[in-house]
Amino acid sequence: MTMALSRPDTIDELFERASALAGQRFADLAANARLPIPKDLRRDKGWVGMLLEHYLGATAGSKPIQDFPELGVELKTLPVDAAGKPLETTFVCVAPLTQLDGVNWNTSNVRNKLQCVLWLPIDGRREIPLADRVVGSAFIWQPSAEQQLVLQNDWEEHMDRIALGQVESISARQGTALQIRPKAADGSVVTDAIGPDGGLIKVRPRGFYLKKSFTEQIIQQVFNAI
DNA sequence: TCCTGATCATTA
DNA sequence: TAATGATCAGGA
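Each residue of the first sequence is one higher than the last, beginning at 7 in the numbering used here.
Just so you know, the hints here were simulated from the structure itself, not pulled from any lab data.
Just so you know, even glycine gets a beta-carbon here, dropped at the ideal spot from N, CA and C.
Check the hints yourself; a few may be wrong.
[What the hints assert, rightly or not] Capping the alpha-carbon separation at 30 Å, the derived lysine-lysine pairs in DSBU-like fashion look like this: (1) K69 / K189; (2) K208 / K45; (3) K189 / K51; (4) K82 / K51; (5) K82 / K189; (6) K217 / K189; (7) K218 / K91; (8) K69 / K208; (9) K51 / K91; (10) K119 / K208; (11) K119 / K189; (12) K208 / K91.
[Unchecked claim] Quick list of simulated restraints, FRET-style, between CB atoms: (13) D107 / E22: 15 to 23 Å; (14) L106 / L41: 19 to 27 Å; (15) E19 / Q227: 49 to 57 Å; (16) L47 / A190: 34 to 42 Å.
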């Protein structure tokens with residue numbers, strides 16, 4: 007099987023290409039891409055995401071923008087168990103910790119990234135060898151008005167705390183759909199943030215993540231529609 | 001058993 | 001360092 011690796015010109019083309027991956031084993035996809043397949047994901051946590059980006063023609067890069075900016079689409083793999091429940095939270099983007107003037111929900115990176123997402127469920131069961139796991143059925147999601155409101159409320163609460171210098175007291179338990187957690191290579195990585203006294207302090211970088219309960223609802227809503 | 005906090009690889 | 005792609009794994 008040969009896949010085109012160019013950038014898709016339309017959302018339909020992107021969706022068709024993603025749909026064609028359904029049922030395919032990682033071992034075969036990796037072989038066709040001439041990509042070595044690791045034993046497990048312990049030291050290659052982003053391997054599946056990178057593999058599928060390759061097949062879908064996403065631009066490799068580290069820019070804080072959507073995967074398919076001309077289509078306005080963000081690609082997210084979603085590891086699920088046998089019942090189709092998410093096994094992991096979903097990283098959205100890095101949380102801004104300084105220079106918050108003028109930052110609001112409508113211009114936020116979170117809103118931009120989540121406006122239109124091509125979800126690609128994948129078998130994430132650790133008891134299955136990585137090579138034998140398969141890709142699931144892709145679907146495109148745009149948040150409902152209700153979901154947007156939940157996300158906005160969470161985002162605003164988190165950003166309020168950050169602006170008040172309380173970033174270090176933000177727990178992953180906070181937020182209905184959107185949580186804030188550390189996001190770094192290790193404990194040595196630090197960045198500037200607003201401290202309790204209003205000055206700059208050094209903290210572990212933080213990221214916005216979608217909680218499993220939220221992505222589970224997204225999957226359920228698609229399942230119910232079928 | 002599940003979730004939070006920690007961590008891994010890569011690129012620019 | 002900061003962004004991308006995320007999953008790991010111990011403690012609650």
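Consistency of the hints with the structure:
For the proposed pair K69 and K189, the alpha carbon gap of about 16 Å is at most 30 Å, so the pair holds. Between K208 and K45 the alpha-carbon distance is near 36 Å, which puts this suggested pair outside the 30 Å criterion. With a C-alpha separation of about 13 Å, the suggested pairing of K189 with K51 holds against the 30 Å cut-off. Proposed proximity of K82 and K51 is supported: the alpha carbons are some 14 Å apart, at most 30 Å.
In summary, the hint linking K82 to K189 is supported, as the alpha carbons are separated by about 17 Å, within the 30 Å threshold. Between K217 and K189 the CA atoms are separated by roughly 15 Å; this keeps the pair inside 30 Å, and the hint holds. Restraint check for K218 and K91: the C-alpha separation of about 8 Å stays at or below 30 Å, so the hint holds. For the proposed pair K69 and K208, the alpha carbon gap of about 23 Å is at most 30 Å, so the pair holds.
For the suggested pair K51 and K91, the alpha carbons sit about 19 Å apart, so the restraint of at most 30 Å is met. Only pairs whose Cα atoms come within 30 Å are accepted, and K119 paired with K208 is accepted, the gap being roughly 27 Å. Among the hinted pairs, K119 with K189 is consistent with the structure: their alpha-carbon atoms are about 17 Å apart, no more than 30 Å. The hinted pair formed by K208 and K91 fails the criterion: a straight-line CA distance of about 37 Å is larger than 30 Å.
Under the hint 15 to 23 Å, the C-beta atoms of D107 and E22, about 43 Å apart, miss the expected range. Between L106 and L41 the beta carbons are some 40 Å apart, a value that contradicts the proposed interval 19 to 27 Å. The hinted window of 49 to 57 Å between E19 and Q227 is violated, with their beta carbons roughly 24 Å apart. Roughly 18 Å separates the CB atoms of L47 and A190, a value that falls outside the hinted 34 to 42 Å.
Hint violations for this structure: numbers 2, 12, 13, 14, 15, 16, all remaining hints satisfied.
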